[in-house]
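Q: Work out the full structure: start from the sequences and follow the hints.
Protein sequences appear in the order of chains W and L. Note that the numbering used here gives residue 403 to position 400 of the first sequence, counting from 1, and the numbers run on in steps of one. Note that the numbering used here gives residue 263 to position 260 of the second sequence, counting from 1, and the numbers run on in steps of one.
Think of the hints as simulated: they come from the structure by calculation, not from any bench. Heads up, none of these hints are tricks.
The list cannot tell twin chains apart, which means a pair is met if one copy fits it or any two copies do.
When the alpha-carbon atoms are kept at most 30 Å apart in a straight line, the in silico DSS-like pairs for lysine-lysine are as follows:
id: 1; residue 1: K11; residue 2: K291
id: 2; residue 1: K55; residue 2: K176
id: 3; residue 1: K155; residue 2: K350
id: 4; residue 1: K381; residue 2: K419
id: 5; residue 1: K35; residue 2: K176
id: 6; residue 1: K72; residue 2: K130
id: 7; residue 1: K419; residue 2: K182
id: 8; residue 1: K176; residue 2: K39
id: 9; residue 1: K350; residue 2: K186
id: 10; residue 1: K428; residue 2: K381
id: 11; residue 1: K7; residue 2: K419
id: 12; residue 1: K350; residue 2: K130
Number of protein chains: 2
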Amino acid sequence: MTVKINTKFIQEFVETNELAALEDFVAASHKKIHDKTGAGAEYLGWLDWPSKMEEAELSRLEEAAEKVKSDTDVLIVIGIGGSYLGTKAVQDLLLPAFGAGGTEVIFAGHNISGRYLEELLSHIEGKKVALNVISKSGTTTEPAIAFRILRKWMVDAYGEEAANRIIVTTDEKEGALRKAADKAGYTSFVIPGDIGGRYSVLTSVGLLPLAVAGVDIRSLLEGAALAESTLANPALMENDAYLYAAYRQILNSRGYSVEVMASFEPAMAGINEWWKQLFGESEGKQGKGVFPASVIYSTDLHSMGQYLQDGRRMLFETMVSFTEDQNQTEIPFDEEDGDGLNYLVEKSLHEVNQTAMEATALAHAEGGVPILSLEVPKLDAQHAGYLLYFFMKACAMSAYLSGVNPFDQPGVEQYKQNMFELLGKPGYEK
Amino acid sequence: MTVKINTKFIQEFVETNELAALEDFVAASHKKIHDKTGAGAEYLGWLDWPSKMEEAELSRLEEAAEKVKSDTDVLIVIGIGGSYLGTKAVQDLLLPAFGAGGTEVIFAGHNISGRYLEELLSHIEGKKVALNVISKSGTTTEPAIAFRILRKWMVDAYGEEAANRIIVTTDEKEGALRKAADKAGYTSFVIPGDIGGRYSVLTSVGLLPLAVAGVDIRSLLEGAALAESTLANPALMENDAYLYAAYRQILNSRGYSVEVMASFEPAMAGINEWWKQLFGESEGKQGKGVFPASVIYSTDLHSMGQYLQDGRRMLFETMVSFTEDQNQTEIPFDEEDGDGLNYLVEKSLHEVNQTAMEATALAHAEGGVPILSLEVPKLDAQHAGYLLYFFMKACAMSAYLSGVNPFDQPGVEQYKQNMFELLGKPGYEK
Chain W
4 MTVKINTKFI QEFVETNELA ALEDFVAASH KKIHDKTGAG AEYLGWLDWP
54 SKMEEAELSR LEEAAEKVKS DTDVLIVIGI GGSYLGTKAV QDLLLPAFGA
104 GGTEVIFAGH NISGRYLEEL LSHIEGKKVA LNVISKSGTT TEPAIAFRIL
154 RKWMVDAYGE EAANRIIVTT DEKEGALRKA ADKAGYTSFV IPGDIGGRYS
204 VLTSVGLLPL AVAGVDIRSL LEGAALAEST LANPALMEND AYLYAAYRQI
254 LNSRGYSVEV MASFEPAMAG INEWWKQLFG ESEGKQGKGV FPASVIYSTD
304 LHSMGQYLQD GRRMLFETMV SFTEDQNQTE IPFDEEDGDG LNYLVEKSLH
354 EVNQTAMEAT ALAHAEGGVP ILSLEVPKLD AQHAGYLLYF FMKACAMSAY
404 LSGVNPFDQP GVEQYKQNMF ELLGKPGYEK
Chain L
4 MTVKINTKFI QEFVETNELA ALEDFVAASH KKIHDKTGAG AEYLGWLDWP
54 SKMEEAELSR LEEAAEKVKS DTDVLIVIGI GGSYLGTKAV QDLLLPAFGA
104 GGTEVIFAGH NISGRYLEEL LSHIEGKKVA LNVISKSGTT TEPAIAFRIL
154 RKWMVDAYGE EAANRIIVTT DEKEGALRKA ADKAGYTSFV IPGDIGGRYS
204 VLTSVGLLPL AVAGVDIRSL LEGAALAEST LANPALMEND AYLYAAYRQI
254 LNSRGYSVEV MASFEPAMAG INEWWKQLFG ESEGKQGKGV FPASVIYSTD
304 LHSMGQYLQD GRRMLFETMV SFTEDQNQTE IPFDEEDGDG LNYLVEKSLH
354 EVNQTAMEAT ALAHAEGGVP ILSLEVPKLD AQHAGYLLYF FMKACAMSAY
404 LSGVNPFDQP GVEQYKQNMF ELLGKPGYEK
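A: Now the structure itself:
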């Protein structure tokens, strides 16, 4: 049940000896990761998290989630970046596209749009609401603004009872949110100090809202734990996450500077966004990095497809597909066959979709786009957990191969500094 | 009420004389567009469409929409590419983020996912459903599959009445869908023969589902008509759509080969996707074209922000903002000020959001990213219409400036050929 890289379409672009040339570098980087001796090693808590997460904490999360599910129509998750994208990604992938029933999980504090917040406020009118505020410091501007406004709404709606409907996920000891939680008696969960935002989806950051939304979080963790052991193999040729990382860097070094993450499964849209943060924020520094972009086919074959086929040749494409046919829909016979589809009548949609993928890979490869293919056996919680960990491990390796720290994000501070100056925040005046 | 380009951040990257050097080329390309003498001129029907669309057709669209609204819970729009992205874009921009009430408009036929279609079928169970099938030929694989399956569902649910719940938008005379409509007596609307998919949002393709969804389509057209007249000005320095096109090409020629469309308004997400098709499919050919990507801030400041600030320098950024503060939400005072936000108490969210944008533009410009800024006075249907036309006009100009036909998409055929071969479509066997 592991994620495999299919080299069918990349063989003509990258020779085996190019990979072999990286073996030592990969082995050294593997050692850096596992011995925690590389740049940013203090943020390697995610590495053995799936196997070491405590049962007591998991049970407490499940209890909190059950409580929310029992008395809440809408859970508002307040968070930005890694406190938002992982939950959204898994929700998109595993829950029905048109709503799962049960407690609805929506997001706030990931933008500063007054329009969005007003629409959210009108959406929750008359409903039973709970908040899950996720922020290490509690002072990140976007979620802090949303929390201030929504906390006021909660107090107006529930009075003293509001505190029983607010769950805080934050640092164990430090920060404004920890203080607020301790003072008001909010239920609280810990963001491990050694796990950065974009590597945090498998901690309480993602697990609590996902459990509320109806995701089987134990299976998610099981899949991640399997990935943790499988991908601890130091040998490049036997470790698919490292192979993915190595191919990326080989292509990057040849001038393929944009990676297009592609899937024929629309439920992958959220994973694509999460993946962009993971790789963009980990690698996009010191003037380096593959630019991460994404498409959902076949929608985008009728949109970005033309560019992929014939545009500027600086792209490579990574296609994620799910092997097992988990659906029953077949194409019905039609006497008149006006649309000419009767040749498909004995085929399932899955078969047609997989064929469309192969056809696209062939076309784009012929058009000069190197294609990496990642095969996931099945679309379920366990495999989702595996896939998330696969990308995190690959990202750490890829960043070390390109010579940058996978775990910092110094460039994110610049806009904040400017914003504080322009808004006249005390201590930041020009 | 026109869309203006703010040159504040681009001045340090592009000198006025670089623009001036393009004036003659722009004038010649303007003539090509308006005299219909350039490549693909047979697809210039969109150019004067907003002013020439007939009142009778508009009324008929509104009547059909009213009928759907009166007896339907869910309208399923079946279409791909331009038959999907424009409607989704305007819906996202103008309707409430958490649902508008009234008839729900959802999409099918824009992917081949069995999972998606099964979730859709379970979503519509027990509801009153109508279909709007949009396809020029009626044989494009993705929408044809969805229509075949959903038509069967409709016949099972409504028997002979199903025909009164199916609306077809297709070619005036030709194609499988026209034949099916004539035979079954479906209400039908025409996709003008001289307007390609990605330029079709203001025709019946977009207007019918948008009217059902609750968009004021007359205001949308009014805004587009204002753009049509305003942007008919041949002078580069007085035509903001041409200025946008010229800046893009100047930056492209300097190696800025990725354009990141950015907005601080989450409702812009759909416009970003529509814009990617418009520019990607129009310009991405013959090994040329700026690669179109997009972000929604400040979500993506905590994701792609690091890359934008410090990653490989091949990017420029186009920020779309809405000037007027149309919301009331202010940040409440908090005695304890644990989050340190009291310095924002007299500011509206809009003001903070606009400041975040300026702070980001400053930061990214300093990081070596040229910033184009497009200012839209207000977020409403009229301005949406203006903005759509603005991009279409800019795209035609930009493609001519880069020497390609803005209206064809030869590369989209390749995956289809392969797919037909692999699926054994009669006439395409290997």
